[in-house]
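S.K.: Let the hints inform the model, and build the full structure from the sequences given.
Below, each chain spelled out in residue letters.
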Amino acid sequence: MIHDHGVLPAEPEKATLEGRNKVLGFWLFLGGETVLFGSLFATYLALKESFVGGPSPEELFDLKIVALATILLLTSSLTSVFGVMAMHKHNTKLMQLWFGITVILGAGFLGLEVYEFYHYYHEGHTLTSNAFGSAFYTLVGFHGGHVAFGVTWIALLQAQLAKKGLTVVTAPKFYVAALYWHFVDLVWVFIFTVVYLMGKVGA
Amino acid sequence: MGNINLENAHPQPKINKSHGIGVKGHLVAFALSIVLTALAFIGVIYFGDDRSFVIPYIIGLGIVQALAQLFIWMHMSEKGHLFPLVGMVSGVVVILPVILMGLYLCWW
Amino acid sequence: MAQHAARPRNTGLKDWLTTVDHKKIGILYLVAGGFFFLLGGIEAVLMRLQLMYPESNLFVGATFNELLTMHGTTMIFLAAMPIIFALMNAIVPLQIGARDVAFPFVNSLGFWLFFFGGTLLNLSWFLGGAPDAGWTAYPPLSGTTYSSTHGVSFYVLGLQIAGLGTLIGGINFLVTIINMRAPGMTFMRMPLFTWSAFITSALILFAFPAITVGLVLLMFDRIFGANFFEVANGGNVVLWQHLFWIFGHPEVYILILPAFGIISEVVATFSKKRLFGYSAMVFATIVIGFLGFMVWAHHMFTVGMGPVANALFSIATMLIAVPTGIKIFNWLLTMWGGQIRFTTANLFAVGFIPTFVIGGMTGVMLAVAPADFQYHDSYFVVAHFHYVIVGGMAFGLFSGCYYWWPKMFGKMLNETIGKWNFWLFFIGFHLTFFPQHFLGLTGMPRRVYTYMAGQGWEMGNMISTIGALVMTLGTAVFLWNAFVTSRKAEKAPADPWDARTLEWAIPSPAPEYNFAQTPRVRGLDALWVEKMAGNKGMTPAEPLGPIHMPSPSILPFLMSVGFFIAGFGFIYHQTIVSVVGLLVVFYGMFARSLFDDHGFHIEVDEIKETEKGVKL
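Chains as they are written, first to last, in our numbering: chain A, 1 to 203; chain B, 1001 to 1108; chain C, 2001 to 2616.
Keep in mind that the hints were calculated from the coordinates and are not lab data.
Just so it is clear, the structure is predicted and the values come from calculations on it, not from any experiment.
Worth double-checking, as some hints may not be accurate.
[Claimed, not checked] Derived DSS-like pairs (lysine-lysine); straight-line CA-CA distance at most 27 Å:
{"id": "1", "chain 1": "A", "residue 1": "89", "chain 2": "B", "residue 2": "1024"}
{"id": "2", "chain 1": "B", "residue 1": "1079", "chain 2": "A", "residue 2": "89"}
{"id": "3", "chain 1": "A", "residue 1": "93", "chain 2": "B", "residue 2": "1024"}
{"id": "4", "chain 1": "C", "residue 1": "2014", "chain 2": "C", "residue 2": "2024"}
{"id": "5", "chain 1": "C", "residue 1": "2612", "chain 2": "C", "residue 2": "2024"}
{"id": "6", "chain 1": "C", "residue 1": "2536", "chain 2": "C", "residue 2": "2608"}
{"id": "7", "chain 1": "C", "residue 1": "2488", "chain 2": "C", "residue 2": "2612"}
{"id": "8", "chain 1": "C", "residue 1": "2411", "chain 2": "C", "residue 2": "2531"}
{"id": "9", "chain 1": "C", "residue 1": "2612", "chain 2": "C", "residue 2": "2491"}
M.R.: Here you go:
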């Protein structure tokens, strides 16, 4: 139920039952996403040695790009935290700033990923080249898809914020998008560990 | 947890009550994440030959970082997060055996 | 934000396409699930006709494979799950004293995704052949080399879309149960059907993402030329089996737990006793849910996982017999000393118990890994899982339909026809599947379209086919009953069974807003507590006031159509079609996010009018 008292509560995302439902439902969805990415990791682990004549992970991966991508995504996670803090202080301008930076950093991450995939493609590492290729592009691509969705989503929310202002309806959306963004960052922690770093350790 | 009812739908409108963790805390968490990431990269670059050390080492760092982010950035430790916690833990518990299976298939 | 739209009054088709009312969505699930149940049933009967005599050639080879695949897939994903969702939608919010579900829009989206996913899958019959690799779709059989028609692609996309609907439906019920219980309705006062809906939803949440990934891998292999299951390029076919069964085994419990919940409600009501060992029942439900995730590899004993893995999964599987046994004994002890009324609902519940025990017992036999090498891929397995799924879940669903029909439709199903329904279905069921145990033990392989004469299998197969026809008759009687009931004028009272739980405290059928005033719950079996205290109904927890409702929306339907179109695009490698379909989906998401739904109010006058003359 929406109550307009004029005063926005301190945690506007939890002010209505709808808002609380949304946050809880989204957390549970992230629990399901854990299983989704876990299954993809299991697939990758099962197939990572199956490069059948194609380039091995050790030959392919460039840790410099990965390090840069990691820093971009980690920083964007931090800026989204600041965005939520600004929301709790009802500072719409600051919210726009922090979430705006988040979106830009996310887009930067995506740019790096596209560059990286393009590079690999020309080294003969494709979705169809071998089972390792299939598993790599599916796992990392699923994550990249999540980043792309998140970037679009947050940008869309910012447009809404500009138009509708901070209300008990828009606040939960930002809170949930920030949760999503942290989760995407969290998955990346395991991707750079399991895919890139372990790939560099070699067989 | 218990009952969350319509009746209690109005928390006190008090602004500026900081969220447990302030800007400083988040910056520390960020620095921690960067350090953990750097440690993992350095480990692989310098001790990459010693598989039996480096793999558990980087995975351990990854888990620590994930937990730090869950509890600091995603407020998992705060009250009202029982079901989110149960949800995430269940997800991990369910998928962990499958991931181990993935490893097993790899060695096989 | 203050302005609410006027109350929308959609009628006819538009109402059904746009509704976000959980009770109407429940009816939609029941109708669509019932339709697919008939379809799956016809496929089963056709297979039984083929197997009636040795070496007959009614449906041979590929046709039989298609029937077999579609029977399994349809029954599990498009019949059983939707009918469970039908009852969950119709009853769970009422049992916890909620006005609505947590996400009415998502609820509607869940239904339409299931519906269009199922439709997509079944269109394969008319478009070059249905999937033919079994409901488990093991590669390499399901790869393009051995399954070159579009059939398996229909399976992959159809299930992907339907599965997405199921997943969001599960999240909806979890949040509804956690956040929307009435005052006083603590977790340990929730009726067992709600508990089982809660655990089932949790299983859906954690099991479906695994099949999503499995289907994505298979789709990439088939459509984009990936190599997950192409052994020559480093793929691994066992990976699919693991991903499929980490979903597939919990799926079995997703199906059976709600049936357990229904049986618990029905047995308690018709014994006029509180459910025996309530907390043990709750505990057993949770334990079954947990163990359900730890036993998936018992479907793969013969794959060659080695003795250690086989032993571990064997023991874990046998452990499940313990909580299940707790349940069986608690039902028996609930009936013990009760004033038992053998209504149709209760007949199905009582018939369920021994039937399910047989299925459970053969389950423990199959859990013994060395013995499983003998049973594997024989009719013994077929007999086992039909005893738990039909003898367990289908009996439970019939019981639930008879029990809650008045709450869903406002009319009582005919009890005389109901008894015919039960006895025909019950006898037909045992005739069909009991002989299959022995067919399996004497070596008849499953999934094979014929057998030679002179191996002692003629009699068993003949009886089995006759049984299948009797079951069909039983189902037809149910449809007849539903038809007769719909023509009858007499309305059902609010509480026709002298029942115990909250859903019986409100009129039949439940009004749009469920509870005129949110009730205050004062104990387990909330309504029974009030009856024993001499009260006429529930004590309200709030004054009578206008009730806020969500607006109907066409977007869920539209988005599902988008997925449907995109599915076709993927199956036929038409990128533009896929893109168009996905654009429709994204438009739906965009519109939902951008345009706030202010909902509308049902005014006090209308509530009073509706509640007038309700007798308890």
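S.K.: None of the hints should be skipped; say for each whether it holds.
M.R.: Results of checking the hints against the structure:
1. 89/A / 1024/B: Distance of about 16 Å is within 27 Å: holds.
2. 1079/B / 89/A: This hinted pair holds, its Cα atoms lying about 20 Å apart.
3. 93/A / 1024/B: 21 Å, holds
4. 2014/C / 2024/C: Distance of about 13 Å is within 27 Å: holds.
5. 2612/C / 2024/C: Holds - the C-alpha atoms of residue 2024/C and residue 2612/C are around 22 Å apart, at most 27 Å.
6. 2536/C / 2608/C: Between residue 2536/C and residue 2608/C the Cα gap is close to 17 Å, so the pair holds against 27 Å.
7. 2488/C / 2612/C: This hinted pair holds, its Cα atoms lying about 22 Å apart.
8. 2411/C / 2531/C: 23 Å, holds
9. 2612/C / 2491/C: 14 Å, holds
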